[in-house]
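Could you put the whole structure together from the sequences, leaning on the hints where they help?
Number of protein chains: 4
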Amino acid sequence: MTKEPIFDVAQIAHVEIFTPKPDETLWFFKELLGMEETTREGQSVYLRAYEDFYHHTLKVTEAKEPGIGHVAWRTSSKPALERRVQALESSGYGKKWIDGDLGHGPAFQFETPDGHKMELLWDVEYYKAPEHKWTKLLSRPQKRPLRGVPVRRLDHVNLLASDVTTNKNFLMNQLGFRLREHIVMNDGSEAGAWMSVSPLVHELAFMSDSLGGRGRLHHVCFWYGYPQHLSDISDIFTENEIEIEAGPGKHGVSQANFLYVLEPGGNRIELFGDAGYLIFDPEWKPITWKEDELDKGIIWYGSPLPAEFFMYGTPIIEPAKV
Amino acid sequence: MTKEPIFDVAQIAHVEIFTPKPDETLWFFKELLGMEETTREGQSVYLRAYEDFYHHTLKVTEAKEPGIGHVAWRTSSKPALERRVQALESSGYGKKWIDGDLGHGPAFQFETPDGHKMELLWDVEYYKAPEHKWTKLLSRPQKRPLRGVPVRRLDHVNLLASDVTTNKNFLMNQLGFRLREHIVMNDGSEAGAWMSVSPLVHELAFMSDSLGGRGRLHHVCFWYGYPQHLSDISDIFTENEIEIEAGPGKHGVSQANFLYVLEPGGNRIELFGDAGYLIFDPEWKPITWKEDELDKGIIWYGSPLPAEFFMYGTPIIEPAKV
Amino acid sequence: MTKEPIFDVAQIAHVEIFTPKPDETLWFFKELLGMEETTREGQSVYLRAYEDFYHHTLKVTEAKEPGIGHVAWRTSSKPALERRVQALESSGYGKKWIDGDLGHGPAFQFETPDGHKMELLWDVEYYKAPEHKWTKLLSRPQKRPLRGVPVRRLDHVNLLASDVTTNKNFLMNQLGFRLREHIVMNDGSEAGAWMSVSPLVHELAFMSDSLGGRGRLHHVCFWYGYPQHLSDISDIFTENEIEIEAGPGKHGVSQANFLYVLEPGGNRIELFGDAGYLIFDPEWKPITWKEDELDKGIIWYGSPLPAEFFMYGTPIIEPAKV
Amino acid sequence: MTKEPIFDVAQIAHVEIFTPKPDETLWFFKELLGMEETTREGQSVYLRAYEDFYHHTLKVTEAKEPGIGHVAWRTSSKPALERRVQALESSGYGKKWIDGDLGHGPAFQFETPDGHKMELLWDVEYYKAPEHKWTKLLSRPQKRPLRGVPVRRLDHVNLLASDVTTNKNFLMNQLGFRLREHIVMNDGSEAGAWMSVSPLVHELAFMSDSLGGRGRLHHVCFWYGYPQHLSDISDIFTENEIEIEAGPGKHGVSQANFLYVLEPGGNRIELFGDAGYLIFDPEWKPITWKEDELDKGIIWYGSPLPAEFFMYGTPIIEPAKV
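Protein chains in written order, with the UniProt record's numbering: chain E, 1 to 322; chain P, 1 to 322; chain U, 1 to 322; chain D, 1 to 322.
Hints in this document: simulated from the structure, not taken from any laboratory. A portion of the hints provided could be inaccurate.
Pairs involving identical chains hold if they fit within one copy or between any two copies, as the list cannot separate such chains.
Below 20 Å or equal to it, Euclidean Cα-Cα: the simulated SDA-like pairs (lysine to any residue) are [as the list claims (entries may be wrong)]:
#1 LYS117 <-> GLY69
#2 LYS136 <-> GLU241
#3 LYS133 <-> PRO304
#4 LYS30 <-> GLY148
#5 LYS290 <-> MET185
#6 LYS78 <-> TRP97
#7 LYS285 <-> LEU138
#8 LYS285 <-> TRP134
#9 LYS117 <-> LEU102
#10 LYS78 <-> ARG40
#11 LYS64 <-> SER44
#12 LYS64 <-> GLN43
#13 LYS136 <-> ILE298
#14 LYS96 <-> ASP114
#15 LYS30 <-> LYS78
#16 LYS64 <-> LEU26
#17 LYS117 <-> ASP163
#18 LYS290 <-> ASN186
#19 LYS117 <-> THR61
#20 LYS21 <-> HIS70
#21 LYS296 <-> GLU131
#22 LYS78 <-> ILE6
#23 LYS136 <-> THR288
#24 LYS143 <-> GLU239
#25 LYS78 <-> PRO5
#26 LYS128 <-> TRP284
Structure, rendered in structure tokens:
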């Protein structure tokens with residue numbers, strides 16, 4: 001209670017996803033969501049939204065199955081990185097330092113208790129636009145693309161976990177994430193937890209993997225800032241045979257205006273028309289949604305979620321096989 | 001460079017404004033902007049937007065002239081408050097502790113170099129809705145009002161200063177504000193500075209007081225989150241003889257979707273259709289708008305600002321008298 | 001083919017609905033949808049949206065059961081009225097002239113083959129705002145109300161019919177309605193028909209009454225013009241225990257942005273965020289949605305329709321009793 | 001008064017504009033406004049918006065100076081065409097029949113008293129999308145383009161005239177246009193007139209040519225239907241050095257949400273976020289804006305119009321030369 005908050009993790013830096021259909025996945029992100037390709041290397045393509053400042057925020061890597069490669073977090077400073085690495089190492093979940101990747105310097109690898117691969121880093125490379133993409137809007141690293149309905153920045157990642165509470169506690173204790181909202185079932189178990197290191201309601205959520213998987217991805221989310229863009233992209237998805245799973249609608253949790261879609265490689269992508277409310281209160285008491293008031297928490301209004309929303313993740317597990 | 005950031009100030013807590021026409025000012029905030037009255041005492045009425053969590057975010061106090069009473073900031077913790085009070089005291093701008101006010105506990109009073117009254121506090125009282133205002137949207141402290149086009153939360157304050165740089169440095173050094181964007185004139189002087197303690201581009205801005213005043217208010221801003229609401233409230237302002245000074249339009253600085261209006265007491269109020277971009281980069285290099293690229297910085301598109309925008313503040317100074 | 005179109009009917013003039021809960025129904029229309037009461041007489045209250053020009057567009061009459069009282073159409077001229085009365089009389093569906101009602105002069109009563117009561121009229125009384133509601137927006141008959149999320153005008157009516165084709169033909173042949181879109185099932189029967197006398201896709205639709213009822217109401221629709229208002233009113237409906245049946249979403253038929261809700265008296269009300277596309281082509285070939293492409297026709301994207309959407313109408317018929 | 005309305009003209013069919021910079025003009029319409037090229041012939045390129053049903057709605061023809069080529073109107077039927085040709089011939093403003101052009105059959109040419117070239121026609125060719133552009137949204141002739149912020153349909157044309165009243169009367173008397181709104185100066189002269197053959201407030205407006213020109217174009221307007229798209233395209237215009245003349249904002253006249261921009265060839269283009277209100281009243285009394293209430297008529301709220309708005313037209317006349 002008298003403990004002061006940890007401010008060592010600053011933001012989600014990038015996410016790597018796997019896809020068995022790299023061409024189609026890239027078409028989806030580049031032509032429909034207007035994302036920009038920074039570079040390619042090996043089986044990976046590095047992308048960013050047009051208001052993302054760093055080298056990339058999405059790394060798309062060819063693989064046999066869809067799923068999450070890793071999630072990278074940037075710390076608040078270099079000493080903050082050192083403090084968090086120390087904490088991770090003593091937690092037993094730390095793994096090792098790597099030299100870096102395209103777009104960033106040394107990174108410390110670790111895993112969540114559920115086995116999701118993550119990295120912590122400080123040194124990043126900024127995107128530098130070629131001259132024909134320069135804009136007079138100085139807070140925008142490049143011109144708005146003329147393709148599709150372009151997303152503006154990476155927003156958050158939602159991971160399935162075999163045990164929400166354990167994974168939540170790990171991130172709160174070792175990295176300083178704050179719990180913002182969670183779902184508590186009648187038996188006392190947590191079915192979902194939304195956590196952040198900033199005033200956003202979440203940069204990271206864990207939801208219970210009802211198929212008993214470990215280390216799976218539920219979705220990655222990009223942000224528009226304007227609800228109309230969810231209608232625009234829905235029009236385009238529907239005409240281009242991209243399956244909209246749910247939305248547009250408004251979540252109770254986070255109050256965000258959402259849309260869920262499956263990219264051609266099979267990963268679920270969320271788009272935010274707006275990110276909902278922001279939390280500035282330093283003493284925030286987590287919102288608890290009980291099992292019997294869950295309906296409004298999940299969908300405040302608009303399109304309901306299909307049953308598969310609570311089971312489908314990547315890599316895919318067939319419900320029958322469980 | 002190796003110094004770690006200060007995270008001791010968490011948010012803007014409330015603002016007090018003066019009005020010579022309290023009834024009309026309250027009609028404006030309550031009937032048009034849908035704000036809620038918490039209580040009254042003496043010559044003051046305490047208001048909040050329906051998604052503000054504390055007792056109040058706007059204190060309206062009757063006075064001979066419009067202007068700013070004080071701005072209150074909440075710290076990140078109790079020890080953080082103590083650290084900042086110490087810093088303020090050694091800066092020479094600290095004043096004294098007060099026991100508190102309706103809605104909060106002990107507060108430390110200080111002044112900016114320009115003379116704007118401010119407070120730093122930790123203990124706050126949360127708003128508790130009566131039963132008929134309870135909502136199932138658990139992150140909302142009460143139902144959305146059915147009056148006017150209701151604003152959702154206090155966003156920021158913009159102050160006129162005789163010397164932008166001095167005041168900016170004071171807040172950066174003593175309270176840990178980060179500079180996000182600023183305007184630098186050809187002679188090297190700063191004409192405006194936008195600062196924040198959160199990913200918002202600003203909770204506080206200083207703009208140069210071209211009439212040579214000290215301690216004046218430029219505007220207080222409330223947030224909608226949806227651009228359509230600026231159109232809706234513009235409709236209502238126009239029909240109800242409330243003077244729209246500028247907007248709707250989009251600022252280059254902050255990328256926010258804005259509207260400026262004069263409340264009946266004479267204070268300028270800004271409304272944000274959306275707050276623009278968020279800054280998560282812990283190494284953010286401030287955006288510098290030079291004098292000759294200033295146009296796009298002030299208005300990216302939409303309604304231009306009239307000349308009086310750069311002179312009018314409260315209390316009012318007649319340009320002729322300068 | 002060489003026949004020229006009939007332009008004798010100009011618009012939907014007003015709709016009368018029945019409610020067993022007049023107080024709650026009026027609260028819904030006045031406090032949530034911001035409608036204005038013109039006057040009351042007997043068991044009826046006369047309402048209009050703030051951009052409706054006539055005395056009223058909605059007459060709410062107390063009755064034992066919810067349902068439709070009548071639908072009134074205004075002709076293009078007085079001679080046009082005479083021509084259509086003649087046509088109705090020779091069709092066998094004409095009934096009789098009445099002297100009028102509050103807000104309009106003589107009206108000719110008739111029934112659709114399914115038994116929906118309708119009127120045709122020419123003389124109307126215009127709404128005259130009291131001085132405090134005058135607005136400088138000269139095309140608006142009064143100021144925008146400050147209550148709820150105010151609707152702007154009556155848009156259309158949707159009626160359940162035991163036989164869509166017969167009723168459709170009646171209105172096309174006798175009154176000059178043009179068929180804009182329709183649903184044709186695999187057995188060749190029409191399951192729905194959208195018709196208009198203007199560039200709107202419909203002022204009137206018939207849908208097949210799957211419970212075998214006659215003369216029932218499916219819904220009455222009011223228009224906003226801006227999609228955001230469907231989100232705003234959804235927020236308010238959800239917080240005030242008003243049941244949203246479906247939406248917001250976008251129909252394939254008409255391309256309109258819709259929301260369906262049950263008013264407290266039991267009648268289904270639709271709200272249009274926007275009315276979709278307009279038809280100016282004088283040779284318009286009706287759009288035919290076949291049974292197997294129906295899904296996209298009903299919901300282009302967004303919230304799906306529940307099964308009850310295709311059965312529930314007023315007066316209510318219990319599915320079990322059929 | 002007992003005269004029945006004329007319903008012989010159904011819609012604006014297409015507009016031809018001249019440009020001295022065809023490549024740049026086409027880049028503007030195709031890459032920024034997402035318009036589709038149907039075909040080219042000689043010095044002309046034929047374009048349409050993606051929800052326009054006919055072969056083309058915009059013909060862009062290379063010429064030394066920008067300006068209007070002609071405006072084509074489609075009648076309600078073939079007999080209606082014959083009736084209107086007869087009226088035009090007896091008016092003295094009829095010219096001659098031509099065999100047609102790409103996309104339509106025989107057309108009757110005429111001129112307004114001010115000298116604007118116009119055509120009246122019945123036979124049109126419908127656009128047929130190639131298979132990869134087919135959409136399941138059956139009321140849409142092709143998929144929504146993935147380029148720029150695509151406009152949906154041609155809305156209206158606004159012409160400068162040396163004498164508004166004469167030109168207005170000509171179109172009302174010969175073609176059956178209805179006057180919807182107009183501006184009347186203190187000296188009794190009409191400074192502007194908005195007219196339509198449909199519930200739209202206008203398909204055609206005349207504004208007084210303050211530079212004394214004849215037969216000039218003020219602007220051509222395309223329609224989005226959603227206000228957000230004006231913000232989106234403003235972003236793109238600003239970044240791509242396209243001059244926004246005014247907007248986004250809301251007109252008092254028509255209540256439309258507008259944006260004015262100069263295409264690279266020099267013609268003013270208007271974009272409608274929404275078209276405002278619709279007029280269904282068959283006895284509509286034209287709205288009269290007097291000189292002293294004109295401000296609100298022109299700009300209800302938002303970006304004011306610069307002085308050049310009332311002088312600039314194409315072909316360009318230099319104010320100094322007058």
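Checked hints:
In this homomeric assembly, LYS117 and GLY69 come within 20 Å of each other (Cα to Cα) only inside a single copy, at 7 Å, whereas the closest approach across copies is 51 Å. For a Cα distance limit of 20 Å, the shortest separation of LYS136 from GLU241 across copies, 10 Å, qualifies, whereas the shortest one inside one copy, 36 Å, does not. Taking identical chains as interchangeable, the C-alpha atoms of LYS133 and PRO304 are never at most 20 Å apart, the minima being 40 Å within one chain and 26 Å between chains. Taking CA atoms no more than 20 Å apart as the test, LYS30 paired with GLY148 passes in both settings, with 8 Å inside one copy and 14 Å between copies.
Proximity of LYS290 and MET185 under a CA criterion of 20 Å is satisfied intra-copy only: 6 Å inside one chain copy versus 44 Å between copies. Taking the shortest alpha-carbon separations for LYS78 and TRP97, only the intra-copy value of 14 Å comes in at or below 20 Å, while the best inter-copy value is 36 Å. In this assembly of identical chains, the alpha carbons of LYS285 and LEU138 lie at most 20 Å apart only when taken from different copies (11 Å versus 37 Å within one copy). In this assembly of identical chains, the alpha carbons of LYS285 and TRP134 lie at most 20 Å apart only when taken from different copies (17 Å versus 43 Å within one copy).
Taking the closest pair of Cα atoms, LYS117 and LEU102 come within 20 Å of each other only inside a single copy of the chain (18 Å); across copies the shortest separation is 49 Å, beyond that limit. In this homomeric assembly, LYS78 and ARG40 never come within 20 Å of each other (Cα to Cα): the closest approach is 28 Å inside a single copy and 49 Å across copies. In this assembly of identical chains, LYS64 and SER44 lie within 20 Å of each other by CA distance solely inside one copy; the values are 13 Å within and 51 Å between copies. For the homomeric pair LYS64 and GLN43, the shortest alpha-carbon distance inside one copy (12 Å) is at most 20 Å, but the shortest distance between copies (53 Å) is not.
With identical chains, the CA atoms of LYS136 and ILE298 are at most 20 Å apart between copies only, with a shortest distance of 12 Å across copies and 40 Å within one. Within a single copy, LYS96 and ASP114 get their C-alpha atoms as close as 18 Å, which meets the 20 Å cut-off; across copies the closest is 51 Å, which misses it. Taking CA atoms no more than 20 Å apart as the test, LYS30 paired with LYS78 passes in neither setting, with 33 Å inside one copy and 48 Å between copies. Proximity of LYS64 to LEU26 under the C-alpha cut-off of 20 Å is restricted to the intra-copy arrangement: shortest distance 16 Å within a copy versus 44 Å between copies.
When the C-alpha separation of LYS117 and ASP163 is checked against a cutoff of 20 Å, the pair qualifies only within one copy, where the shortest distance is 16 Å, while the shortest distance between copies is 50 Å. Taking identical chains as interchangeable, the C-alpha atoms of LYS290 and ASN186 lie at most 20 Å apart only when both belong to the same chain, with a minimum of 7 Å there against 46 Å between chains. In the homo-oligomer, the alpha carbons of LYS117 and THR61 lie at most 20 Å apart inside one protomer (15 Å), although the nearest pairing across protomers, at 55 Å, exceeds that limit. In this assembly of identical chains, the alpha carbons of LYS21 and HIS70 lie at most 20 Å apart only when taken from the same copy (18 Å versus 50 Å across copies).
With identical chains, the CA atoms of LYS296 and GLU131 are at most 20 Å apart between copies only, with a shortest distance of 18 Å across copies and 48 Å within one. In this homomeric assembly, LYS78 and ILE6 come within 20 Å of each other (Cα to Cα) both inside a single copy, at 14 Å, and across copies, at 14 Å. Taking the shortest alpha-carbon separations for LYS136 and THR288, only the inter-copy value of 12 Å comes in at or below 20 Å, while the best intra-copy value is 44 Å. Taking CA atoms no more than 20 Å apart as the test, LYS143 paired with GLU239 passes between copies only; the shortest distance there is 7 Å, against 26 Å inside one copy.
When the C-alpha separation of LYS78 and PRO5 is checked against a cutoff of 20 Å, the pair qualifies both within a copy, at 18 Å, and between copies, at 11 Å. In this homomeric assembly, LYS128 and TRP284 come within 20 Å of each other (Cα to Cα) only across copies, at 15 Å, whereas the closest approach inside a single copy is 38 Å.
Going down the numbered hints, you'll see the structure goes against 3, 10 and 15, while the others check out.
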